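One line per chain: the protein sequences are A and B, in this order.
For the first sequence, numbering that gives the first Met the number 0 gives the first residue as 0, with consecutive numbering after it.
For the second sequence, numbering that gives the first Met the number 0 gives the first residue as 0, with consecutive numbering after it.
Hints listed in this document are in silico derivations from the structure and should not be mistaken for laboratory results.
A couple of the hints might just be wrong.
[Unchecked claim] Derived pair list, reagent style SDA-like, types lysine to any residue, alpha-carbon separation capped at 20 Å:
| # | chain 1 | residue 1 | chain 2 | residue 2 |
| --- | --- | --- | --- | --- |
| 1 | B | Lys196 | B | Asp245 |
| 2 | B | Lys136 | B | Gln91 |
| 3 | B | Lys196 | B | Pro215 |
| 4 | B | Lys425 | A | Leu107 |
| 5 | B | Lys196 | B | Thr118 |
| 6 | B | Lys136 | B | Cys160 |
| 7 | B | Lys136 | B | Ala100 |
| 8 | B | Lys425 | A | Arg121 |
| 9 | B | Lys425 | A | Glu137 |
| 10 | B | Lys294 | B | Thr118 |
| 11 | B | Lys425 | A | Pro203 |
| 12 | B | Lys425 | B | Phe395 |
[Claimed, not checked] Ranges between beta-carbon positions, derived for each pair:
| # | chain 1 | residue 1 | chain 2 | residue 2 | range |
| --- | --- | --- | --- | --- | --- |
| 13 | A | Arg157 | B | Val49 | 49 to 59 Å |
| 14 | A | Glu137 | B | Pro157 | 56 to 66 Å |
| 15 | B | Pro290 | A | Pro231 | 27 to 37 Å |
| 16 | A | Thr97 | B | Leu180 | 43 to 53 Å |
| 17 | B | Pro141 | A | Thr317 | 18 to 28 Å |
| 18 | A | Gly32 | B | Glu70 | 45 to 55 Å |
| 19 | A | Ala105 | B | Asp191 | 35 to 45 Å |
| 20 | B | Met39 | A | Pro231 | 41 to 51 Å |
| 21 | A | Leu238 | B | Leu188 | 33 to 43 Å |
[Claimed, not checked] To give an idea of the interface, some chain B residues facing chain A are shown, with a C-beta separation under 7 Å as derived from the structure:
| # | residue |
| --- | --- |
| 22 | Leu48 |
| 23 | Val49 |
| 24 | Leu180 |
| 25 | Glu182 |
| 26 | Ala379 |
| 27 | Gln430 |
| 28 | Tyr434 |
| 29 | Leu437 |
Remember, predicted model here, so these are calculated numbers, not experimental data.
Backbone N, C-alpha and C define an ideal beta-carbon position, used for all residues, glycine too.
What follows is each chain in one-letter form.
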Amino acid sequence: MTRVAVLKGGRSLERRVSLSSGARVEDALERLGHDVVAIDVGADLLDRLRDASCEIAFIALHGPGGEDGTVQELLEVLEIPYTGSGVGACARCSDKVTAKHVLRDAGLPTPDWVAFSEAALRELGAGNALGAIAQRLEFPLVVKPASHGSSLGIKFARSAADIPAALVAALSYDHKVLLERHVEGRELAISVLERPGGEPEALPIVEAIPREQDFYDFAARYDIGRTTFQCPAQLDAPLAARPQEIALAAYAVLGCYGFARVDMILAHDGEPQILELNPIPGLTETSLLPQAADAAGVDFDELVERIVESARVRSLQTR
Amino acid sequence: MRGADGTMSVEGDKRRRPPRSTAHELERYGALFAARTGRMRSSAMRDLLVITERPEVISLAGGLPDTTLFEPELLRSLLADVASSSAAQALQYGPTEGLEAVKECIVELMAAEGMPVATDEVIVTTGGQQAIDLVCKTLLDPGDIVIAEGPTYPGAVPAFCAYEAELIQIEMDSDGMQIDLLEQTLDALASDGRRPKFIYTIPTFQNPAGVSMSLPRRRRLVDLARERELLVLEDNPYSMLRYEGDPLPTLRSLEVPRGSRDGGDFVIYTGTMSKILSPGIRVGWVVAPRPVLAKINLGKQAADLCSSSLTQYFVASYFANTDWRDYIDLVRDRYRRRRDAMLDALATYLPAEASWTHPGGGLFIWVTLPEYIDTTDLLARALRENVAFVPGEAAFDDGRGHSSMRLNFSSSSEERIREGVLRIGKIINEQVALYRSLTGDRVPDRPQDVAVDDASMAAVVSLRQRAERPRKRSHEL
C-alpha cells in the first residue's frame, strides 16, 4: 500500500475535466488498495502536501499550473515523487511554440507556423506583417493560444479579414499565439504509456471523426455527441505504423515520461503532422488515453497502477 | 519512502468493485441513452463558469436574488409557526396542484397585477423552471417548433432542447420582441404548413436583455395569439422588481378582461416566489386554459407528485403573518441602487464601441460589444482577473450572441459591481485597442470621458433616442 496524494481541480480553465479525472483516479487507487488523499489545488497546496505526508503525488491537473511544470517544480523542491513528465518536458509541451521548435529541430513533421507575442503585435507593429505572413502560410490558418490543450481560443481564419478577431480571441488565453497552416486530413490521437520495465509503447490510435460537416467549428469537437471517437482507428497496417513511430519519437525528443498523448493530423498525402503533445491528457470516462489503453487490454486500474509505478521507478533512479 | 517491493498486483484482494472497461462503458450507455439526450449539450462556456464558484471571483454571471435581506429571525419564527400549527401536514405529501392556502396567496399576488384568477386555475410548481418544463412536456413532440425571444432565458434553452423542439428566436429591440418579425416568421412557417406549438416570452424586464415589451406590442401579440389560435407562455418572474416607470399590463391581463372569471384561451402564465421571497423554497406556479392545466397536472404527478409541503406551509405562514409588499420594497430599493451602480460603471469603464440596455427593473443588463470580440473568449480572460459574466451565446440556440454578455446586478454589492465592471472594461479596452492596431484603425483618445457625460442622460432618454446619438449607447438587440 502506498500513500498517494491526487492533485486535481486548480483554477485553470480545465478545472471541471481535472476534477473528473481526479475522482476517477482516486476510485482506481482505492480499488488498488492505496491510501488516497485528494487535494483540490489552491494557494494552500504546500501545507496540504505537508499534512498529507504522501509517498507519491498523482497529478491529475490539466492546463496551466498543473501541466506546464509549475506543480512539478514544487514537488521536486519538496522531494515528493510525482506521476508523469518532469518539469522540463511539461514546460516544453505546454508551450506549443516551444514544442514545435523542438520537433522541427529533431526533423519531426509539424505544420508550418508563425508565432507572435502580444508585445510584438502591440509594440513592434508586427500586425503590419500579418498579411505577408498569412500569404506565406496559405489559408485557411488555425490561430491558437500557445498554451492550453483544450479547444478554447482556437479559431480558423479563412481569409486575412478573419485574422485580427482570431488573434484577439487567442490572446484572451495567453500572451503568445501562433498562426499555423491548416492541414486537412484525419485527426489522430496517439497515447504513449510506459511499459512496466520502462520502455514507452504507443497505444492503439484513436481517430476523432466530426459528425457534422463543419470541421471549422472547434466547439463541435468539444460537445459530446458531436464527435465520434473510433478506437482503434481504421488504418491499414503500414499507415498506422508511421503515426505511432512518430508519436514515440516526439515523446522521446520532448523528454516525456510515464504517459502522454500526441495529437496529429494524418494528411491526405499519408504523412502525419504533429499538432501538439499533452503531458497530462484527460483521464475521464470519455477521455482518449483510457480508451486507447483499454483497446490495448490495459483497463483503467492497470493504467493508473502503471502510471504510479513509473513514478516510483523514476524516484528510485534519481535517488 | 517505500521501495520497489511495494508493487501492487492489479488482481489484489482489496479491490472493492471491478474496474469498468472504458470502451464498454461508453458503448453500453451510448446504446441506452434516449435520442433526445443528444440534444442536451455540454459546452466550453459551462466549463468556464465552473470557476466562478471560487470565492475570490466577482460573479456578475448568476441570476441570484440577494437573500441576505431576509431577516433570519423572521425565518425562525415562521418555521416555528409551521412546526407548531401544522407539523404533520408539512411533513406529508400534499395535493399535486398545491396547497389551497398557497394558491390563495398566488391569487392575491396575481390580483395585485390586474389578473383575476380562481384557485382552481392555478397549479403550484417546483419553481418557475418546472412550469416551463411541464408546459414543454405537455405540448412538445420531437421536431415541434417553439418561438422565443432572441436572446432568451438561458435556462429555458435546455428545456426546449430536452424535448427535441426546434427553437426559432425572434430579434428584440428596446421595445421587446419585434412582433412584425414574429408575424413574418409565422407566415413563412404557415406557407410550409407549419406552426409553433407555443411562443415563449418574458415580456417584462426580460432575462437576459433587461428590456420590456411595449404596450402596443403586447396587445398585438395577444391579438395574434387569438387570431391564429396560438399558445403563448408568458414567463413573469420579475415584474414586481420595478425600479422606475409605470407597470405594464401582463399578456394574461390583456387577454382576460378585468372582472372576468373565465380562464384565458391562449395565454399560459407562470410566476414564481423566487424573486419576491426566496428561490431556495422552490415555489412557482402556472395558470393555463383548463384543458392544458389538466394535462400539466398529469405531467406533474409523474414528475414529482407534489411540490414540497414544508416550503408551501412556509409560504402560507409568510403571507398570513407579514405584508409581502414590505420585503419587495426592501429588495427593490437595494436592486435599484445596484442597477444604478452598474449603469454608472458601464458608462465610466466601457469603450465607445460597447452598448447596453437600460433595464427599468429585473436583474440583468445586456451588453453588446463589437462583433470581433467573442464573449466566451473574453470570459476566459476575465476569469484571470477574477470576474465573471454569462456569454451571450448561452441565450441563443442558433450560434448568435457571440459578442454580447449578460451582467447581473442583484447579487453583488455596489462596490463589487464597480470593481467587476472596471476589470471587464479594462480588458475590453485593451482588446479594442489591439484590434484597431491590427486593422490599422486609429485608437480614439480616452473614450471613457465621453461615456461619463452620456451616462447622466441614460435615465431620461429612451433607448431608441439614445441609439441615434453619435456615441451609440444602446443598440438593436
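Provide an ascending list of the numbers of those earlier hints which the structure does not satisfy. 1, 2, 3, 4, 5, 7, 9, 11, 12, 13, 14, 15, 17, 19, 20, 21, 22, 24, 25
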